[in-house]
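Chemist: What follows is the residue order along each chain.
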Amino acid sequence: MKASPYKNYSDPELIAMCLRGEKRAWDALIRRYKRFIFAIPIKFGFPESDSSDVFQTICVKLLEHLHEIKDDRKISGWLATTTTRQCLAMWNVKQRDSGTEEEVEEPLDPVGSLEDVKLLAERHQLLREAVEQLPDRCRSLIEMLYLDITTPSYEEIAERLGIPEPSVGPNRARCLDKLRIMLRHRGINTPWNK
Amino acid sequence: MRHLSVENLLNYMEGHGTDVDKSTLEAHLANCRECLELKQEFQVLILQLREDSAFEPPAEALEWGVNLFQPVMQPEKGGPRKIIASLVFDTFDQPMLAGVRRVGVPPRQLLFRAGDVDVDVKIESMEANDRITLVGQVLSSATKFFDNTPVKLESHGIVRYRTRTNVVGEFSFDEVPKDTYHLSVDLPEGQITLFCVHRGNS
Chain A
1 MKASPYKNYS
11 DPELIAMCLR
21 GEKRAWDALI
31 RRYKRFIFAI
41 PIKFGFPESD
51 SSDVFQTICV
61 KLLEHLHEIK
71 DDRKISGWLA
81 TTTTRQCLAM
91 WNVKQRDSGT
101 EEEVEEPLDP
111 VGSLEDVKLL
121 AERHQLLREA
131 VEQLPDRCRS
141 LIEMLYLDIT
151 TPSYEEIAER
161 LGIPEPSVGP
171 NRARCLDKLR
181 IMLRHRGINT
191 PWNK
Chain B
1 MRHLSVENLL
11 NYMEGHGTDV
21 DKSTLEAHLA
31 NCRECLELKQ
41 EFQVLILQLR
51 EDSAFEPPAE
61 ALEWGVNLFQ
71 PVMQPEKGGP
81 RKIIASLVFD
91 TFDQPMLAGV
101 RRVGVPPRQL
111 LFRAGDVDVD
121 VKIESMEAND
131 RITLVGQVLS
141 SATKFFDNTP
151 VKLESHGIVR
161 YRTRTNVVGE
171 FSFDEVPKDT
181 YHLSVDLPEG
191 QITLFCVHRG
201 NS
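Quick mapping for you: the protein sequence lines, in order, are chains A and B. With the working numbering, the residue at position 72 of the first sequence is 72, and numbering never jumps. With the working numbering, the residue at position 35 of the second sequence is 35, and numbering never jumps.
So here's chain B without its partners, still in its complex pose (with noise of 0.2 Å):
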């Protein structure tokens, strides 16, 4: 027996053809499992491959995913060193404990590492005005405290607020807009990045 090509059966399948094609092919497949095999197969096929497209991400989001990199991997030619800083706690991996109920969102506290630097931060999301404060600190494994330094928020590439730390490496960011920063810390050592405020997730 002949099989039906390729062609014959995705047009056959995708309603293409006479009524004559379509009745000679329907008795074709109802005689031959080969055939009717690769049918189901090509059907699952475009399926999934139909399927997939609904698993496109807004352009924006893509974009946004793709320019991360730019601020931390390309550093100005002769500027300060820049260094990833981990996330090494987040509450919002915590599970929450079992029966416990609450009102209004938590603050989120993160904690971030970046050789023998640790950042501290908490973000508290304000409902009434959709802004959020941020607060954190800067600490080392050393005895010292890291007082006045820069600390900036940026986002979109470019810096929002800046602040310094006080004589016990803390700093405030009160009251910024929802937005998605990088926290930047400048020691002497270098700039040590972070990815934390997320819109929506704190």
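Bound conformation, chain A alone (with noise of 0.2 Å):
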């Protein structure tokens, strides 16, 4: 259960350490932004396969790129720019690629506006961020709460994490709050989706 040691490395620290030839850094990295980058293509409607495409694509492109962002704090805003062209690019050969011309001239509709998308992104990565930084049986208990797709019940979370059963549920309340509080504390206290 114990995270990965570059989990408290930054950005650029992460960038530096790829440059100088660190395959675990560029794991830590791909794993950090992993759901930023899948999440805009799913928001723009494209099924798993072609976001799947999308996904690698920018994976390959920020290899390309990783010298040229090594200064920005966060490269977050480089992904969300670079993964909705490549959606776009994506949507336009598709479009290029149909037959008839009222399909070609039909406008983009992903969920909500380019902007929303990119926004809503970035909040999302805000929220992965706290939870990363949760204490480690704080961000298991969480990530096997709402984030496994599982969805494993209590008590195979409370075999996993070494816990009584009973104990899982003012744990998950504690961690939840914390959670909150770390999340109020970034700014980020106001409900995402008005």
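Rather than coming from a laboratory, the hints here were simulated on the basis of the structure. This structure is a prediction, so every number in the text was calculated from the model and none was measured. Ideal Cβ placement from N, Cα and C applies to all residues, glycine included. There may be inaccurate statements among the hints.
To be verified - Okay, the calculated bits of chain A under chain B, using three or more residues with CB under 8 Å as the criterion:
no.	stretch
1	10-16
2	47-53
3	56-68
4	74-80
5	124-131
6	171-179
Join the two chains, each given in its own frame, into one complex according to the hints.
Modeler: This is the structure:
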């Protein structure tokens, strides 16, 4: 359950390590932004296979441009813009390759405007970063409760964490509250969907 | 007024507890704005966390992205110097001209640059047999051509196809299966690696 030691490194630190040839830093960077990248084509309305293609293309582009973005404090802006452009390019190619004129002229219709997609992706990333900063046990608990698509039971969670089952509820309350307060301190305390 | 504990509030939100607990909590929430706002805050937080799990990329795509690093950044000891070429032009990124309609998939044209060496690549998709033809030319700002230069097409860490450039630096891989390839050009200055053929994009 222990988190990778690389999780505490900032983006520029990870990029610098990548440029020195540290594979684990690249691994950490991709894992840090995997959902951020993948969420954008999904929000555009692309199916999973196309979204995977966008994800892989962005990984390639990131590797190609790492040396150019090492001075940035955050690469999320670069990723948001590049991924959005890639989605638009893919959409245009799909329209080009499809048949009728009507389809070509049909406007892009992602979920909300492009800016909304980027904004939402960035807000989600802030949430992920806050989860990453939680103490190991709290992070694991939150991940198992809300992020694990296999939705483990309280019994399974207790077993994996090595705690009694009745402690899962109180621990969940403490950890979620910790996360909520952490987000407040970072200025993210308004409901995002408004 | 004594406020609700976070645990009781979360239990209520998840439908745990007795009917008595439920009505007591609801009565409190009806009169306590602070607890109601806290409840809304947790609702949004949990919703966002759950939504985030839907954005997990497939394991194989993630693995592909992670493994991308290996062939470039870990050169063999004593082996040739490896240079990553930057993509400077891609027709895939170009907008279509207004009003233009087209039949069939056009070739994808890419231009990579590594130092003063340019590698021009054209990828043509054969829809009939799900294969691609990849032709290219290695050029430099100097007048000489890179003739008889080894060119390799790798996928999943294995060299799949090899060829050499002709007298004017041109090379060709005809009707290879669609896949994600790395193209490498072995020059005396080092090995230039390009990421160029991406399944589904060409």
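Chemist: Hint by hint, say whether it matches the structure.
Modeler: Tested hints:
no.: 1; hint: 10-16; in the structure: violated (count 0)
no.: 2; hint: 47-53; in the structure: holds (count 6)
no.: 3; hint: 56-68; in the structure: holds (count 8)
no.: 4; hint: 74-80; in the structure: violated (count 0)
no.: 5; hint: 124-131; in the structure: holds (count 4)
no.: 6; hint: 171-179; in the structure: holds (count 6)
In this structure, the earlier hints numbered 1, 4 are contradicted, and the remaining ones agree with it.
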